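Visitor: These are the residues of each chain, in order.
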Amino acid sequence: MQGFLREWSRNRMLFLMIAPTLLFFVVFSYLPMIGVYYAFTNFSFDGGLFGSEFVGMQNFRFLYESGVLWTLTKNTVLYNLAFILLGNALQLICAIFLSELPGKWFRKITQSVMFLPFFVSFVLVGAFVFNLFNSSNGLVNTVLVQLGFQPYDFYLNTAPWKYIIVFFNLWKGLGYGTIIYLAAIMSISDEYHEAAKIDGANIFQRIRHITLPLLVPTFILLILLSLGGILKGQFDLFYQIIGNNGVLFNSTDIIDTYVYRSLAVNFDIGMGTAAGLYQSFFGLILVLAVNYVIRKTREDYALF
Amino acid sequence: MKIRTERSTVLFNTIGYVLISLFALLCLLPFLLVLSGSFSSEQEIIAEGFKLIPDQWSLEAYRAVFSNPEQIFDAYRVTILLTLAGTALGLFLTSMAGYVLSRQEFKYRNSLSFFIYFTTLFSGGLIPWYILIVNYLQLKDSYLALLVPVLVSAWNIILMKNFMKSIPESIPESAKIDGAGEFTIYLKLILPLSAPSLATIGLFMALGFWNDWFMANLFITTESKYPLQFLLYKILASAAVLKTSIAGNLSPDFKPPAETLKMAAAIIVTGPIVFLYPFVQRFFVKGLTIGAVKG
Amino acid sequence: MSKKTIGLLMTTALLATALAGCSGNGNGNGSGGSEANANAGAAANSGSGEAKAIDTSKKVELVWYVLGDGHADSPKIQDQINAMLEKDINATIKLNFTTWNDWQTKYNLLLTSGEKVDMVFASTWADYYKFADQGAFKELNDLLPTYMPETWKAVPKQDWDEATVNGKIYAVPSTYPEYTPDGLVYREDWRKELNVPEIKDLDSIEAYLDAVKTQKKVTPINGKAWNEVFTLFKAYHGYEQIGGDSGVIVAKSYDAPRDIVNYAETPEFEQFVKRMKTWSQKGFWTSDTLSSQKEAGDALKAGTGGAYWRNAPGAGGFIVDAEKTNKGTDYAYFPFTRFHGYAMPTLSVNNAMAVPKSSKNAERSLMALEKIRTDSRYFDLLTYGIQDTHYSLSDDGKLAISPPKGKENDKNFKGYGITSWGWRVTSLAKEQQAGGWTEFPALMEEFKAESKPNIFAPIIMDYKPVKSQQAAVNQVIQQYGMPLMMGLVPDVDKALETYRKQLKAAGVDQVLAYVQEQANAYFDEKGIQ
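Residue numbers (my numbering), protein chains in the order written: chain A, 1 to 304; chain B, 1 to 295; chain C, 1 to 529.
No wet-lab data here; the hints were simulated from the structure. Treat the hints with care, since some could be wrong.
[What the hints assert, rightly or not] Pair by pair, the computed Cβ-Cβ distance ranges are:
id, chain 1, residue 1, chain 2, residue 2, range
1, C, Lys407, B, Lys51, 32 to 42 Å
2, A, Glu53, B, Leu84, 40 to 50 Å
3, A, Ser44, C, Glu270, 32 to 42 Å
4, A, Asp46, B, Leu81, 41 to 51 Å
5, A, Leu23, B, Phe275, 30 to 40 Å
6, A, Val216, B, Gly208, 47 to 57 Å
7, A, Asp46, C, Lys282, 46 to 56 Å
8, A, Gly3, B, Thr184, 23 to 33 Å
9, A, Tyr64, C, Asp493, 29 to 39 Å
10, B, Ile53, C, Gln215, 25 to 35 Å
11, B, Glu48, A, Gly200, 57 to 67 Å
12, B, Leu84, C, Ile401, 38 to 48 Å
13, C, Glu497, B, Gly208, 42 to 52 Å
[As the list claims (entries may be wrong)] Each computed DSS-like pair below joins lysine-lysine, with the alpha-carbon atoms no more than 25 Å apart:
id, chain 1, residue 1, chain 2, residue 2
14, C, Lys360, B, Lys140
15, C, Lys116, B, Lys225
16, C, Lys414, B, Lys225
17, B, Lys140, C, Lys234
18, B, Lys140, C, Lys76
19, C, Lys357, B, Lys140
20, C, Lys357, B, Lys243
21, C, Lys234, B, Lys243
22, B, Lys243, C, Lys414
23, C, Lys76, B, Lys225
[Stated by the list, open to error] Chain A side only, calculated, beta carbon under 8 Å to chain B, not exhaustive:
id, residue
24, Glu7
25, Phe97
26, Glu100
27, Val113
28, Leu284
This structure is a prediction, so every number in the text was calculated from the model and none was measured. All C-beta atoms in this analysis are idealised placements derived from N, C-alpha and C, irrespective of residue type, glycine included.
Assemble the whole structure, with the sequences as input and the hints as a guide.
Guide: Okay, here's the thing in structure tokens:
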């Protein structure tokens, strides 16, 4: 308490500057968090949040009882890891090229164009995928047949879907993520590069030894930020591309789609909240663990 | 030596041009399909799928959207004002919070960072949040409902903090010695130095407000207060519902072309914001930080 | 973000369940048993005797919600209604619309959050029974005789019974009997051209689809085909789902309602999925059908499809529209009721109005509803819009014709149509059912002649004791059951075995026992054997 008072008297202005933001999170995030209690009740209108019957962990049963929770968790984690790692790597590469290439107009135009997919809704993404891969007049199969190959029935085979889903996720986020890295590159002082040039370093060496190391904190930060949501996820992406196609679920089912299917007929607040709570806890523990490791090795890279 | 450097640069540029062109093409192509699809006839889309050049041009989809031009203009106005106000206010709060959290001197920067980040992990779900906004804050059908609950995001604040960490701590320190207050330092020194990050995060915020239909969907009941995205979603949803069995009971006079409409909506929404991007790019200038420090 | 995730879960459930709900619960009830309880009659007496003056001295504003979209002129119409209401009962209405975006989510929120709402649309396919059972609506038994005396007397006792949950009435049902059985819309001109026998059973359906595929070279059900196949499966075997969407749990036939089974275990199911495997191999639908977002009806209209599932009034609307767009084509409809020769009318609460528990002005809200249901000035204005602007009356004054006289050629004319389903009353209605489809009246006669009361839809089930099993079963149905039924599995026998095993593992037997128990209780109460 005394420490706080000392800090308060020393940095009063800093406190005041962050106060509105903290108030925002208290009101719009922390207050409604009492709703996690729904996960432990059998909701009824008469009782409301606190008057409803307490049922302990019963609402979690539909997740683990069927025995698929492990597979789902694994699927979700793997998909998200692919999204996060590949996505960030790709965005990083694009940002580096875009910052170094000489053609000004080329840079401006391609950068804008790469942003376009961000505006394409997942419903339309789903429509694209269907138009590309469907068996009757899909573009891919039309081309295959014209080239003299056998048509391939995408919708009866689980194998290609991992790649299709990952591809469209990367595609949609490319422009958005690239900007973050571009902004980070912009804050790298020109002096470093100039000095390296004088030392005779070529462009690859400069990127390897100057740009990349200076982007590492941003890279780690973005990965850390995403890890918390590792079990959540991209419901629209999966739902719009796969739909209710049980044939493909083996390789394309994540927790969100599973929960959605389970509760679509008879939605239950308790069970929906329970699933969300599982996702949150998993993410929290992961982030805390990774952040702890990072803090031990390179303190300034840590998220908190 | 000199030749070797040049050769590596040529190699780098070649790889860069090829790769970036390829990515840009992959991003552009589907968008062109959406564009041409929005000018196709509904029948053609249904029967033959997407085409780069439709056999038959049609303005049907745009006619369906603009059948009530007044409504569209209202919606544009709401969205533009919302985007401007939301971005300005949000950026102010976000940059201020980011600055505070980036100050080494501030003892609680880590615990408060965690306090903010934690909100991205746990949420009480839609219902308590809705009850708060509607029953306690009484924001139903108010423009404030579109603005206040989404004003700042933890993600942007932490990103901002990270960007500002690269500003040398010596800058605020020395200003402080000169007798400047923290707010003045933030306003006069830090903000000008943060142009690229402000542009980036401002862009993200503007996009967020521009694209948001979720808030209006839950909280706005008066048609003239609908933002653009929600109006379009509403038209799409009505078109979709006409195909369900519920439609047996609906007035069949108005049959919008559901498929092409989706694409026209995407085009209409994308249009104006595309012009924002080149504006933002102007702030992506290298070496801004160092120049300011020297000056 | 996670707020949105949960929202989306409920949200995207919306259209899917709404549609499933429509097909599943749509064919509601007619006359649920002769010995229905007597509370309605008794209360009616007390109501007519009670003529004490109602205090309306305090002006109130009522908030009403209906589904769907408003119309550009809705505010104007609301003003006109309010002018009358203010004079009559010293109240005004603020009529809000959920819009069709995520209406299910919003509807849930309205009721769950306790937001101040005085009246909402209610329906079996919007979980009326579940909400009523969980206490989302106000009990109306004591209020109806006083505040809606005419409606109280006019609505048949049977209809009130169908709105009754745990002995209490929670909604004012519309008075608008309908039949909405499933069936197939198909190309009658193609059938004749291809010399296929008239469609009257499963074999003739197969013959037609086969001819369309082999001779017209068109995928017969081109798009999402699940509804077509699943409703066909139920109707062909006479299986009835219980209390809405009960998944794989069905009553085996109308005549033996207590014989409730898990259909996946029946030999009929085995035969049917084997047959569907052959249909799938013949290309009656595409292998991507479960991922397709395309409506088979769009293809049928475009000439690239041959069949489409629709309920009877929906088929009418579809056919009228399709024949208008494609001059010279001829569509016909085969209602699945013909498999077993009976039809069930919809439940009265298929469309109704209810007062949420949070309402402070239930009395005035009911009085306003009474006005709308009994006074054609109110009814016409709210249902059809402003006379001569949105519609004009036919010469005999019985039909509201839109567009009105003088506006037929006006391109900018936008017909007025809101979801007025909740307050519809046959005696005031001025529209043609099924979009004016000429064959509809004959079809209605057919249904009426073979009408049987719906004894399945009103069984109230919230699955509380078995909810985790039910969730797991629903998941298994989608993951294993749907591909199996659509013939998309390489080995039917093996897939069937897996499906049955997975259902068991998910706890289908407990769900079956629960449904059986609920059904028995209902049948005992109603004296159905």
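Visitor: Output the indices of the hints that this structure fails to meet, ascending.
Guide: 6, 17 and 20
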